[in-house]
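Novice: Listed here are the chains, written in short residue letters.
There are 2 protein chains.
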Amino acid sequence: MDSIKITRETHSKNKTIGGMNLNLRCVVCGKTYGNDVLYTCPACGPEGILDVCYDYEQIQKKFRPEIVAKRPQDIGRYQELLPINGTHQLPPTKIGWTPIFDAAKLASALSVAHLFVKDEGRNPTASFKDRASAVGVAKAQELGFTDIACASTGNAASSLAGAAAAVGLRSTIFVPESAPEPKVMQLLIFGARVVRVKKPATEITAYEAAYDLCTQACERYGWYNRNCAINAYLVEGKKTCGLEIAEQMQTDMPDWVVVSVGDGCTIAGVGKGFAEMQRLGWIAQQPKLLGVQAEGAAPIAKTFFAGGELVPARGDSIAESIAVSKPRNWRKAIHAIRESNGTMIVVTDEEILQAQQLAARLGGVFGEPAGVAGIAGLKKAVAAGVVPSSASVLVVVTGSGLKDISAVRRTLMMPNAIEGEMKALERFLH
Amino acid sequence: MDSIKITRETHSKNKTIGGMNLNLRCVVCGKTYGNDVLYTCPACGPEGILDVCYDYEQIQKKFRPEIVAKRPQDIGRYQELLPINGTHQLPPTKIGWTPIFDAAKLASALSVAHLFVKDEGRNPTASFKDRASAVGVAKAQELGFTDIACASTGNAASSLAGAAAAVGLRSTIFVPESAPEPKVMQLLIFGARVVRVKKPATEITAYEAAYDLCTQACERYGWYNRNCAINAYLVEGKKTCGLEIAEQMQTDMPDWVVVSVGDGCTIAGVGKGFAEMQRLGWIAQQPKLLGVQAEGAAPIAKTFFAGGELVPARGDSIAESIAVSKPRNWRKAIHAIRESNGTMIVVTDEEILQAQQLAARLGGVFGEPAGVAGIAGLKKAVAAGVVPSSASVLVVVTGSGLKDISAVRRTLMMPNAIEGEMKALERFLH
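Protein chains in written order, with our numbering: chain A, 1 to 430; chain B, 1 to 430.
Source of the hints: derived by calculation from the structure; they are not laboratory data.
Among the hints, erroneous ones may be present.
Treat identical chains as interchangeable: a pair holds within one or across any two.
[What the hints assert, rightly or not] The calculated DMTMM-like cross-link candidates involving lysine to aspartate or glutamate, where the alpha carbons are at most 25 Å apart (straight line), are: (1) LYS423 to ASP147; (2) LYS199 to GLU421; (3) LYS380 to ASP102; (4) LYS423 to GLU80; (5) LYS61 to GLU80; (6) LYS183 to GLU419; (7) LYS105 to GLU142; (8) LYS198 to GLU421; (9) LYS61 to ASP255; (10) LYS288 to GLU339; (11) LYS199 to GLU419; (12) LYS70 to GLU247; (13) LYS70 to GLU181; (14) LYS183 to ASP349; (15) LYS61 to ASP36; (16) LYS105 to ASP147; (17) LYS70 to ASP252; (18) LYS198 to GLU426; (19) LYS423 to GLU203.
Next up, chain A with everything else stripped away, as it sits in the complex:
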């Protein structure tokens, strides 16, 4: 990874953040900064997302398996690889250290030799995003903020609401007016202040209006902005998923790791975790990354194959969490996939819904559509000969299906009610 090389070259330029030795490197121009830059690259503007660089030679001295093995089981165990000053400001709710299990029946159905599922629905607010929000709230406290905000209707929002509550920050969350009531309730229960934003008369969507208002409010009121599109630290939280897979599977690393892709920063984070664990000698080589996008929202896959700059696409998919029309972290995503010698694949909504049932019925895991898109992608990749049947594969199921069951309604129907007697049951069963 470039960030690794850069670290060594620019170590002397480091500035410290609360005692931390860190550089922030622009993914567009490559320029490095210290902690005096709060969000994106001053030279490149919003496109210039920063990447956190570490001093791996220093880290390697104390970051060893036998030491880490004795630590608490949450993302704080990777403290040397987090851009925060100690773990005391992370939420105490035990984020991360989600289980990996062997899904043998699912492996048979998908025709791969071994299939492991990492169930990110087992995080405190039931998605992968808890990892990012944990780092976000820790960083906010470290920088002296009392408020934190984001624009989201989904897992980023609920994870922020939960993490902020757990550490005692006030959270404000901007959502489009059309956000479904159950999702808003999941924010309100944690005490988040929810701002529902109407669609303006102009061409921009209600979500974009919510995003813009969030940005303005953070500037005006001095709130910390937890939006992955600009905040470099969040992907460091996501990275812990890759670190964990490497630690949990160490001697038995899969050949492929499958991750659904929306904005791009989830797969970028997982890939960065693997790159670091290889750099630090924990694993011999990185697994290949298979990035899976939904057909109606596949601009990163398109750019991955066609090259050039990203062209925004439609953002329509039943897999809402990855239905991103204009992903901001596409450079980091493509970089991570290429570095791993992996590839990308695109799946239809119908394939995602089938995968949701497959995962539940053969794997015992109920994932949200975006959470199981990886399984749909793996199925297609095996059929297409991209992933060989002899492969050992791990799929990251990124979020729980319990948050929004509307997708399930599209494929399943309530059975008819019967009288409470055996005759009626006989008829029902046969």
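Since the structure of chain A is already known, use the hints to place chain B on it.
Specialist: Same frame as chain A, but now just chain B:
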């Protein structure tokens, strides 16, 4: 615990279940049986719930902290204390080993010295019941069943659907016709066959009709019956929560452990786990159990204080999972609470809803109403002087709030939508 004494006295009478050395002892008449009894005591009928007894002297030889510490992190790590022949037939989905975390802000709000939360919503289907269903499906396979059934609308049902799917058993779940669609969808996604039963013209409820039809169907079709009211093995799965707390907190055991109480077998299981860990020398003494019932469904608390036989009560509470009018495991529950020198307390629905918000806003954990009833009970018990402010307390949050957000709707309202401009935001915030 009586079961411990009985084991040693009757060891010679043991019959083996798939190589296992087990007794089943009736909680009413005290008679012990081997594995030739499938459900309740033949002498006492449905009241005669059986309790599984183990040979603790034998177990103690190899069940030691340093050995167990190296085992996989799920309920299978307690294999010597489970009534199953090996762990290979448990679901692979990593049931149990849920995190315990220090909830300092909640402790302050509740005026106790230390408060720990054990978040059972972090199980595969997001509730404590996964522990019981895991043992249920393992036992079903061991006994040669291909089908398993239960009557439930709640966590028992979804946990059974998930666990059965994970091991490849067919599940049939009987629900009252009125069961809400989201809960039915959570069963269907796992491939469970859902039988919706109409309320009959007689006095019995639709749930009772579903329960009766389930019992008849199990007999007629040869399905294994996963109903805690008759199945002695399920509480052994629930017990693992107590075993885990003892292992996870070993040197720092809390003074009190708080559990919400419906049928009674959850607190009985947790208590049995503590009793066993004390018997085996892992902990010096058992924590006191605080059993919390909802005002509209508090027959066990009433019997706990008044003595005598249980009198069925109303079964009305917003905390549906504990809204049991005629609990079947009340003897085991009261026995466990008394053995621990604990007590019981009753809370209103309003107190439960307040506790739900408190847990989310100060603890960062979103529990279902029954899941957080323990927090309501603890608050009341501290105010009443039953639990001293100097106490160290652990509350088991038994299930996730994501499964059914209807309770949240009773206390929280959607905010009004605003225009996407700072002026509108200013007005909204102030």
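Novice: Are the hints correct? Go through all of them and say.
Specialist: Evaluated hints:
1. LYS423 to ASP147: between (62 Å within a copy, 20 Å between copies)
2. LYS199 to GLU421: between (53 Å within a copy, 11 Å between copies)
3. LYS380 to ASP102: within (20 Å within a copy, 44 Å between copies)
4. LYS423 to GLU80: Result: close neither inside a copy nor across copies, 66 Å intra and 43 Å inter.
5. LYS61 to GLU80: within (10 Å within a copy, 40 Å between copies)
6. LYS183 to GLU419: between (36 Å within a copy, 20 Å between copies)
7. LYS105 to GLU142: For LYS105 and GLU142, the Cα distance is within 25 Å only across copies (19 Å; inside one copy 46 Å).
8. LYS198 to GLU421: The answer is between: 10 Å across copies meets 25 Å, while 52 Å in one copy does not.
9. LYS61 to ASP255: neither (28 Å within a copy, 41 Å between copies)
10. LYS288 to GLU339: within (9 Å within a copy, 55 Å between copies)
11. LYS199 to GLU419: Classified as between: cross-chain Cα gap 8 Å, same-chain 49 Å, threshold 25 Å.
12. LYS70 to GLU247: both (12 Å within a copy, 15 Å between copies)
13. LYS70 to GLU181: neither (42 Å within a copy, 45 Å between copies)
14. LYS183 to ASP349: both (21 Å within a copy, 24 Å between copies)
15. LYS61 to ASP36: neither (28 Å within a copy, 60 Å between copies)
16. LYS105 to ASP147: Answer is between: at 18 Å across copies they meet the 25 Å cutoff, but 46 Å inside does not.
17. LYS70 to ASP252: both (20 Å within a copy, 17 Å between copies)
18. LYS198 to GLU426: Result: close only across copies, 15 Å inter versus 53 Å intra.
19. LYS423 to GLU203: Classified as between; 21 Å across copies, 60 Å inside a copy.
The structure shown violates the earlier hints numbered 4, 9, 13 and 15.
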